[in-house]
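Trainee: Each chain, written out:
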Amino acid sequence: MIPSLSITPVFDTAATGTSIVEIVAQDSSRYGFFRVPPRAITAQPATAQQTIEEFSKLEKNWDGYGALPVTAESRLFAQGFLAVAPTVMLSPEISPTSNGTIGLEWQSREGEAYLEIGRTRYSGHIQPRNGTTIYIEGQSARLGQEEIAVITQLLYAASGAEAFTNSIQITEPTI
Amino acid sequence: MRGRMFADRLVTQRVDLRAIETMIFSNPPLVELVAELRWLPGMVDSEALQSGAQSAVLRFPLSAPSEESFARFSAAVGTKGFTMSERLVPVGFPSLPYNVVYRFRKPPREGENYLYQIGAGVFSANALPPYRDWDSFRPIVREGVEALLTSRPKSEDREFTHVILRYIDLFSPEFTEDKSSFQFLNEILGIRVQLPPALAEQAAHASRIQSGLQLSLPLKNELSMNLTLQEGTAAGKSGIVMTTEVLGLKPTSPQADRVMEMLERAHTSIRATFLGLTERLRDKMKPVQ
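Respectively, the protein sequence lines represent chains R and Y. Its first residue numbered 1, the first sequence is counted upward by one per residue in our numbering. Its first residue numbered 176, the second sequence is counted upward by one per residue in our numbering.
Derived from the structure by calculation, the hints contain no laboratory data. By construction, the Cβ of each residue, glycine as well, lies at the ideal position given by its N, Cα and C atoms. Be a bit skeptical, because a hint or two may be false.
Stretch-level coverage of chain R by chain Y, calculated; a stretch enters the list once three of its residues show a Cβ under 8 Å from a Cβ in chain Y [claimed, not checked]:
| id | stretch |
| --- | --- |
| 1 | 121-135 |
| 2 | 143-155 |
No farther apart than 25 Å at their CA atoms in a straight line, the calculated lysine to any residue pairs in the SDA-like style are these [claimed, not checked]:
| id | chain 1 | residue 1 | chain 2 | residue 2 |
| --- | --- | --- | --- | --- |
| 3 | Y | Lys425 | R | Gly17 |
| 4 | Y | Lys425 | R | Leu90 |
| 5 | Y | Lys395 | R | Gln127 |
| 6 | Y | Lys329 | R | Gly131 |
| 7 | Y | Lys412 | R | Ala67 |
| 8 | Y | Lys329 | R | His125 |
| 9 | Y | Lys354 | Y | Gln385 |
| 10 | Y | Lys459 | Y | Asp310 |
| 11 | Y | Lys425 | R | Gly131 |
| 12 | Y | Lys425 | R | Val21 |
| 13 | Y | Lys329 | R | Glu137 |
| 14 | Y | Lys461 | R | Thr132 |
| 15 | Y | Lys425 | Y | Lys412 |
| 16 | Y | Lys425 | R | Glu110 |
| 17 | Y | Lys329 | R | Val21 |
| 18 | Y | Lys281 | R | His125 |
| 19 | Y | Lys425 | R | Gln107 |
| 20 | Y | Lys281 | R | Glu22 |
| 21 | Y | Lys329 | R | Gln127 |
| 22 | Y | Lys425 | R | Glu22 |
| 23 | Y | Lys412 | Y | Leu364 |
| 24 | Y | Lys329 | Y | Phe235 |
| 25 | Y | Lys395 | R | Glu110 |
Reference listing, derived: stretches of chain Y covered by chain R, where coverage requires no fewer than 3 residues with Cβ under 8 Å from a Cβ of chain R [said to hold, decoys possible]:
| id | stretch |
| --- | --- |
| 26 | 273-281 |
| 27 | 445-453 |
My request is simple: use the sequences and hints to build the entire structure.
Mentor: Okay, here's the thing in structure tokens:
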């Protein structure tokens, strides 16, 4: 069977968050426009979700240097975080670490960000190309919209990258 | 020789722009103008602040926006006549970074339609029609920025990560003369979008082709421009919505002069862009000066 393909332009409302005038799409099925909420799960995070799921197969000493297996909690929190991340953030580089945590790394024209998600806590940094390095930390279970807002603002605000981002979903027909 | 002629033409163009620099329009397509500041919300590590280090620590969850700082801002803008306030996020509800919490307006008064908005890590001064010109809006922005600088909590008293000026224009049928968006971009705004033969040969007619544009344009002076043109509806009217946004690529010191300087540069850039793109619409916009 041939999978169906749908391409939906996605726009982050953050860029016009302070506008008080209501702006909507003339035809949102054809043009993504303002006020279209980011989709929760897209092809990129879906791929990311699978990548993280694959980490469950890593056994102790998976790197040959005594690495710990990636914990189920780390996988769960990383998957939960990526599920709510808007597509403007694009797909991060995802890697297991020898501590049993998961590393997520984003790069944009405006800088880079790194998060290491562990069983109970996460830490990381945001390095804007111009400006102060921001170290961030918190509880893995609460990782979510606040972190997304700050990373998105510092890495993607100037590029208007959301305007070029499409969410591409490839789904198997149900019949 | 050819290069010199081109340079001469540019100079002539500049002179022309200078001549219309003070031009204002009685029928502009402007829907909204927003001057916006963003900074890192929440508690930033105090040691980093004191040492002036090149790094800072943000601990999540971020501390809730300080009601005290909102109250200070409210008092400050209240003295300037912005006495009407509206809370957009109910008390006790979580406020996400960069989301507006309060909006402040003046009591209804003929000829002015400005407002301020403030939230976690965000401030904006907005101008709505009837909008006269930047000269009228500039002092409103400055007073808002000054009020913000005196009201932010010490823990957030850092540089602005983004200073943004955004114009939203709507080209209604009055301006487009019912041209398709494809024609409007090409024939009116002068943005050449050419279809390759593979598409042009199949297209029924240019008047039915819909087209949009999204540009992210790093500028020469450490600014960046995002220009979007799409069909849409704004403020209840349909047409082609043009959003022109210019922002600084480097953080801006938390001083009113520095912020205004950045906004002036952004305004100069947006004005040149607008005047250049809308040259063929000038009569419809009714210049009055």
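Trainee: Go check the stretch 143-155 of chain R versus chain Y for me, would you? Three or more residues, Cβ under 8 Å, otherwise it fails.
Mentor: holds (count 8)
Trainee: If you draw a straight line from the CA of lysine 329 (chain Y) to the CA of glutamine 127 (chain R), is it 25 Å or shorter?
Mentor: holds, 23 Å
Trainee: Does the structure keep lysine 281 (chain Y) and histidine 125 (chain R) at a Cα separation of 25 Å or less?
Mentor: violated, 41 Å
Trainee: Straight-line Cα separation of lysine 425 (chain Y) and valine 21 (chain R) no greater than 25 Å?
Mentor: Given pair lysine 425 (chain Y), valine 21 (chain R) is violated - Cα atoms ~28 Å apart, limit 25 Å.
Trainee: Does glutamate 22 (chain R) sit within 25 Å of lysine 425 (chain Y), going by the straight-line distance between their CA atoms?
Mentor: violated, 30 Å
Trainee: Going straight from one Cα to the other, do lysine 412 (chain Y) and leucine 364 (chain Y) come out at no more than 25 Å?
Mentor: holds, 20 Å
Trainee: Need the status of pair lysine 329 (chain Y), histidine 125 (chain R): alpha-carbon distance at most 25 Å?
Mentor: Between lysine 329 (chain Y) and histidine 125 (chain R) the Cα gap is close to 23 Å, so the pair holds against 25 Å.
Trainee: Does glutamine 107 (chain R) lie within 25 Å of lysine 425 (chain Y) when you go C-alpha to C-alpha?
Mentor: holds, 17 Å
Trainee: Holds or violated: lysine 395 (chain Y) with glutamine 127 (chain R), Cα cutoff 25 Å?
Mentor: holds, 23 Å
Trainee: Against the 25 Å threshold, does the CA-CA distance of lysine 329 (chain Y) and phenylalanine 235 (chain Y) hold or violate the hint?
Mentor: holds, 18 Å
Trainee: Would the pair lysine 281 (chain Y) and glutamate 22 (chain R) pass a check requiring their Cα atoms to be no farther apart than 25 Å?
Mentor: holds, 21 Å
Trainee: Checking one constraint from the list: CA of lysine 395 (chain Y) to CA of glutamate 110 (chain R), max 25 Å. Satisfied?
Mentor: Holds, at about 16 Å.
Violated hints, in rising order: 7, 12, 14, 15, 17, 18, 22, 27; the structure is consistent with all others.
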